[in-house]
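The residues making up each chain are set out below.
Number of protein chains: 2
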Amino acid sequence: MTAPSARDVRHAAERISATVHRTPVMTSRSFNREAGVRVFFKCENLQLGGAFKIRGAANFVRSLTPEELKRGVVAYSSGNHAQAVAIAARKAGTKATVVMPLDAPQSKFEATEANAATIVRYDRLKENREEIARRIADETGAITIPPYDHPWTIAGQGTAALELLEDIPDMDAMITPIGGGGLMSGCALIAHEIKPSIRLFGAEPEEARDTWLSLRKGERVEIPTPATIADGLRATSPGAITFPILKKHLEGVLLVTEDEIKSAIRFLLTRMKILVEPSGAVPAAALLARKLPAGIRSIGVILSGGNIDFELLASL
Amino acid sequence: MTAPSARDVRHAAERISATVHRTPVMTSRSFNREAGVRVFFKCENLQLGGAFKIRGAANFVRSLTPEELKRGVVAYSSGNHAQAVAIAARKAGTKATVVMPLDAPQSKFEATEANAATIVRYDRLKENREEIARRIADETGAITIPPYDHPWTIAGQGTAALELLEDIPDMDAMITPIGGGGLMSGCALIAHEIKPSIRLFGAEPEEARDTWLSLRKGERVEIPTPATIADGLRATSPGAITFPILKKHLEGVLLVTEDEIKSAIRFLLTRMKILVEPSGAVPAAALLARKLPAGIRSIGVILSGGNIDFELLASL
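Top line first, the protein sequences correspond to chains Z and E. Counting from 1, position 212 in the first sequence corresponds to residue 212 in my numbering; the numbering is continuous, with no gaps. Counting from 1, position 230 in the second sequence corresponds to residue 230 in my numbering; the numbering is continuous, with no gaps.
If we strip away everything but chain Z, and leave its shape as in the complex, we get (with noise of 0.2 Å):
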């Protein structure tokens, strides 16, 4: 597969235009003061299916020919990406069976099956994922949509910095959370194509830093399944393509504590008003915990997903 290209981000946002909301931009005097830089906050927790995962599985399915996508799409996530599957595979007329952990968000179990798509449940600690989605591929003739490594997926979670950048053309640095890297590979094109200079960060807990040690090492790592309650980045090692971008565009990655996380989620909720889950508050958790290198004054950050269970959320 060619790796994707900032020109495949900017083609991957005129094709899921009419499919995706463009979310809004945010920004808090509050939340400022307390990380001593100024943050603007591109709101993916307000995106379709809370989550910009939508942007990667559009484009995938509106890069389908007619007839593979009569054939129906398949894919394997801990909500977010199966959300999203769903929903874009709704709009775009054809059915989506996906592939989540048996300890998913009971939210997201619910909002995959509003969207009428088929979900396979299987044991994360046993099962492999990816192995289920190729044999119901096999078993239905479904195309699998990948959670990040894949380059129309990447080109289309892109899209959320190509529009961060267009409405805040003058900030210094940008961060995302890192969980397979889909997110950060696609940013990362759009990003340094539009400004060469801009300084661009991962975030990740500690307890799932597999591109932290990846990039250390210089290849991939694999670690153990994290325990980490951001639920979205328990990937255990960076994707075969999104670690070459990666490693060329990184200035770094930022760890977080899981107590940090938790922090940020409070802080976003009560200063600025808004839920994100414990996934889209790491990058957050970094700024808060004052983690970003000197001279940064300004700073993007994408917020990721919304998607938190309420119970979990009153636990905190």
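The hints are simulated quantities; they were obtained by calculation from the structure and are not laboratory data. The reader is advised that the hints may include incorrect statements.
[What the hints assert, rightly or not] Here are the computed distance ranges between Cβ atoms for each label pair:
no., chain 1, residue 1, chain 2, residue 2, range
1, Z, E219, E, R266, 27 to 35 Å
2, Z, T257, E, T118, 36 to 44 Å
3, Z, L316, E, E110, 57 to 65 Å
4, E, P196, Z, A18, 45 to 53 Å
5, Z, I194, E, S17, 27 to 35 Å
6, E, S17, Z, R121, 27 to 35 Å
Glycine included, each C-beta is placed from N, C-alpha and C at the ideal position.
Given the structure of chain Z, go ahead and fit chain E onto it with the hints provided.
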């Protein structure tokens, strides 16, 4: 005092434009489906100070003469108005004293203090806040900013509806929560000037239905201090200035139970990812419980504020 007019709302909009945020308007497919009507939410929970109250407070402060401004301002409030007066005073370079009930949410005390305002606490069940404010005004020469029953306050609050109708001109109806009636009075004046056919509704907790009772009786009714969780709607009667405006413009007041308020907070948070305080969720609760009369296809809702203690939220 002269009753306020739609023209006063337009003047207020000019006067406060540099002080307040123009808040976004949100829509939600899942809310529309649940309510059976197209709903446009004016997000005053994302307003400066976390509530619409800054509109009235800023209009009041900006209407004072330089001499009056020097004397400082004083306000009594369950919280949002206090915070708004503190912010408006700080921005205008004067000092504020605010009289707040002992049982106001902790978050509101903190936010008011953060704006360098002096706080005087009182017992909501035993003391009269208006008297306390009057005493402070007498002793210090400060100007009292009433929370709702003043033409300048009312005109300022109405700017929320003005902005909403500028953004979404074609709606059949509009609804706001009713405490003392300041928000709805200002909104009604401007809404009926812009669009005489628009149907206007208030929303109150059943526990705090002073305006519902007053409209029924045709005159202002006083009720005992209500025990609703909607702490911003605990006024015991509509105002002397607001009531005639409400009487003239409102089609009705929709009543909701405490459980309906809690459900609405959860829906707005988990499905729309935004935090709304109990008072602000009252109109949404009425829509979700389908209490609107027939024949309304689209409605604007002022989501009046988002200041809620995290502990109260967790208890829902």
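Results of checking the hints against the structure:
A hinted range of 27 to 35 Å is violated for the C-beta pair E219(Z) and R266(E), which are about 46 Å apart. Taking the beta carbon of each, T257(Z) and T118(E) are about 38 Å apart, inside 36 to 44 Å as hinted. Distance hint check for L316(Z) and E110(E): the Cβ-Cβ separation is about 19 Å, which falls outside the suggested range of 57 to 65 Å. P196(E) and A18(Z) have their C-beta atoms about 36 Å apart, which leaves the hinted 45 to 53 Å range violated.
In this structure the supplied range 27 to 35 Å holds for I194(Z) paired with S17(E), their Cβ-Cβ distance being about 32 Å. Judged by the Cβ atoms, the range 27 to 35 Å given for S17(E) and R121(Z) is violated: they are separated by roughly 53 Å.
Hints 1, 3, 4 and 6 from the list above are not met by this structure, while the remaining hints are.
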